[in-house]
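**Student:** So the chains spell out like this:
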Amino acid sequence: MSSIEVFSTPGEVLGSLAVYAPGPGTYAWGGNVVSSVVGLQRVVPPSPDAPDQRPIIEVSREKEQGAVPGPGAQVTAKIRKVQPRQAIADILCVGTRAVKEKFRGLVRQQDVRATEIDKVDMHLSFRPGDIIRAEVLSLGDARAYFLSTAKNELGVVSATSDAGAQMVPISWQEMQCPVTFQKEFRKVAKVV
Amino acid sequence: MAKRRGEVAASYAVDANSGVGEAAFSRGPARLLTADGDRHDGRQLHECRLNFLKTGAVSSAAGSAYAEIGQTKVIVSVFGPRESHKAEAFSGIGRLNCNVQYASFATSVRGKANQGAEEKEFPVLLHKALEGAVMLHTFPKTTVDIFALILQSGGGDLPAVISCASMALADAGIAMYDLVSAVSTGYVGKEVLLDTTLEEEKCSDGEMMVTFMASRNEITQLKITGQWPDATMREALSVSLDACAKLANVMRECLKEELAGVDEDE
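Residue numbers (the UniProt record's numbering), protein chains in the order written: chain A, 1 to 192; chain B, 1 to 266.
Pulled out of the complex, with its shape left as it was, chain B reads as follows:
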């Protein structure tokens, strides 16, 4: 895991010299793609960013996880199951209480993300993405609280939060049907870009976010915004599902590694 992190830093250092700043201010795909057809950070069109995942990042939480996907850094802590808030009505199954926040230093302009509509939309989308995967009947009447903090916004923030949250839930020992992995895809010019960065998101004509339970082959949430030609949308979906399945494998690997590590300590 540690060496992956090193790789991330290395690959981004190279890009700094190849005019990322320039690309960020230009519109359209011409500047986002190099002459060879690669993306500005050296990736292929259908290539994911490098990631670093870790569980047990917050010691006071029942379960937690930290994820770095490219430049995007998020931390998710899970508390509970604990008693539901008094004001809430009785519910025979468990509840998920989701909370997503941007750190004030997460964006290039300090505190800017905190005022956006995303702040209100993200918890709802996170809840929708996870509620189908968590066995809510195993903790009737009680609530599991999920607190996500975006430390650095580097594009694909919500997918990173969703993947990270499902790892944190697994770390908390909460029963789930499957891990949920998520990835966002952008439609820029005539190309489908997988796992978009912040620059690419700004330039894209359409965005697609898929949250997927890989081993059950079920999509828990699909969010499409902007303009998408039909054929391209299908292509983007199949590419996204493939990426989600691969991310899920990395997540499994990480959870198992953590477990094996604990045993060695004892």
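With the rest of the complex left out, here is chain A:
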């Protein structure tokens, strides 16, 4: 790299809050921007339409803190168990980052789709083994994160049929096996 690399460690003062804004990997304390992680220090110009026109200091490195699901995040999960009122899933990815160890997610009956939520049949929406895209509604309870698939682009993205073939979506609530032509019901995601 041609530019000078400056590394910083937690607790190091990076600059004054009057000049800089704190970015990822930093926090504001005592009128200063202070580093909170070990990494490469970078100054990023603010986006032209941002109300705050101070340059942003970031600290980052390749090895980051492991991904953790948070409210509003899009996750990829694998259905583990389908019950009449809820489906239990293992969260595999948060956004584009894979998690090191699985987190438990829960899609409740009322969160499967946006319309006719009281007529949802869980068994016609998911099957164990399906890969779904979902949004984290909330941190949930002590056991699981609450997930929602109540958007067009959310739902089952990958499923296998009884014959073991990868199924093809044919409508927003049906998928078809390319081998046996059997149709199965799913809450299908409209992948764009």
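Hints were generated in silico from the structure; no laboratory data involved. Here a beta-carbon is modelled for each residue, glycine too, at the ideal position from N, C-alpha and C. A hint or two may mislead.
To spell it out: a stretch of chain B is covered by chain A in this simulated footprint if at least three of its residues, at any positions, have a beta carbon under 8 Å from a beta carbon of chain A; those stretches are [said to hold, decoys possible]: (1) 84-92; (2) 152-163; (3) 182-190; (4) 225-236; (5) 253-259.
Once the Cα atoms are required to be at most 30 Å apart in a straight line, the calculated DSSO-like pairs of lysine-lysine come out as [what the hints assert, rightly or not]: (6) 112(B) to 81(A); (7) 102(A) to 86(B); (8) 202(B) to 112(B); (9) 151(A) to 119(A); (10) 100(A) to 246(B); (11) 223(B) to 120(B); (12) 100(A) to 112(B); (13) 183(A) to 119(A); (14) 100(A) to 63(A); (15) 128(B) to 63(A); (16) 202(B) to 256(B); (17) 63(A) to 256(B); (18) 78(A) to 190(A); (19) 81(A) to 100(A); (20) 63(A) to 78(A); (21) 54(B) to 100(A); (22) 128(B) to 256(B); (23) 256(B) to 78(A); (24) 63(A) to 86(B); (25) 112(B) to 63(A); (26) 63(A) to 54(B); (27) 119(A) to 81(A); (28) 202(B) to 102(A); (29) 119(A) to 63(A); (30) 102(A) to 63(A); (31) 223(B) to 100(A); (32) 86(B) to 112(B); (33) 100(A) to 183(A); (34) 119(A) to 78(A); (35) 54(B) to 256(B).
Following the hints, put chain B in place on chain A, whose structure we already have.
**Tutor:** Same frame as chain A, but now just chain B:
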């Protein structure tokens, strides 16, 4: 770093000839201090032991660190953030789960340290020392597990574990307000001995352990046991804080060196 390690070995070899064993069995400060007023390992009263620090010691962990402070050797691995244990209640912020163990060969008598009260006390003290420094809100509902293993007990075990754990957390990329460095101080006879060894700990009338966030100038934990005259306690505290600040600089240096090394490899 490597040359420091060499120095450690050299300085301790000299002491072996100057009657360390004798001092260890005697009570009182007379034998702990030489005629010149130096300590039995050749240090001044307010001088730290030589240290060797390294991150990334355990490849399977999210972050890890190894620390040698004099004869004390510890290894700390950090896992997570990962899903909290099912039995635990919901928590809007993250949790730290601390675990400190002595290796069965850590003490001069095999397996002896494992039965002590320290085994139960250390995890609690480690948790208290770190919880103020870690940004727990960055990993809500999840747990970060910290496993510390004391490989050799040479005095100041807990401070070594705390400093090492804060480096391991930094190595794991977990957001912290500041690094935590820790040091223990002993009150022996009429003297304040900084960074006490096992022999000095045995002979001391009072012990003080300070864990400090140097760049924020905040103490996260202060543990004082035994008898301390007021003026001496103040002296010990200021000496400890100074030592913590210096240790923090060494820790920063080590973390940066590690980072620079990674870049060169690529």
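**Student:** Sort out whether residue 112(B) lies within 30 Å of residue 86(B), counting only the CA atoms.
**Tutor:** The hint is violated at about 34 Å.
**Student:** Hint check: residue 112(B) vs residue 63(A), CA-CA at most 30 Å. Holds or violated?
**Tutor:** Violated - the C-alpha atoms of residue 63(A) and residue 112(B) are around 39 Å apart, more than 30 Å.
**Student:** Tell me if chain A covers the stretch 152-163 of chain B under the three-residue, 8 Å CB rule, please?
**Tutor:** Answer violated; 0 residues pass the 8 Å Cβ test.
**Student:** Within the assertion that chain A covers the stretch 253-259 of chain B, do at least three residues meet a Cβ-to-Cβ distance smaller than 8 Å?
**Tutor:** holds (count 3)
**Student:** Run the distance test for residue 63(A) versus residue 78(A): straight-line Cα separation, threshold 30 Å.
**Tutor:** Distance ~26 Å between residue 63(A) and residue 78(A) Cα, so the pair holds.
**Student:** Has the stretch 182-190 of chain B got at least three residues whose CB is nearer than 8 Å to a CB belonging to chain A?
**Tutor:** violated (count 0)
**Student:** Take a quick look at whether residue 54(B) and residue 256(B) sit within 30 Å of each other, Cα to Cα.
**Tutor:** 11 Å, holds
**Student:** Hey, residue 151(A) versus residue 119(A), does the alpha-carbon distance stay inside 30 Å?
**Tutor:** 16 Å, holds
**Student:** CA of residue 54(B) to CA of residue 100(A), is that 30 Å or under?
**Tutor:** 24 Å, holds
**Student:** Are there at least three residues in the stretch 225-236 of chain B whose beta carbon sits under 8 Å from a beta carbon of chain A?
**Tutor:** violated (count 0)
**Student:** What's the verdict on residue 78(A) and residue 190(A), does the C-alpha distance respect the 30 Å limit or exceed it?
**Tutor:** 17 Å, holds
**Student:** Given the hinted pair residue 102(A) and residue 86(B), is their Cα-Cα distance within 30 Å?
**Tutor:** 13 Å, holds
Hint compliance for this structure: hints 2, 3, 4, 6, 10, 12, 16, 23, 25, 28, 29, 31, 32 and 33 are broken, all remaining hints hold.
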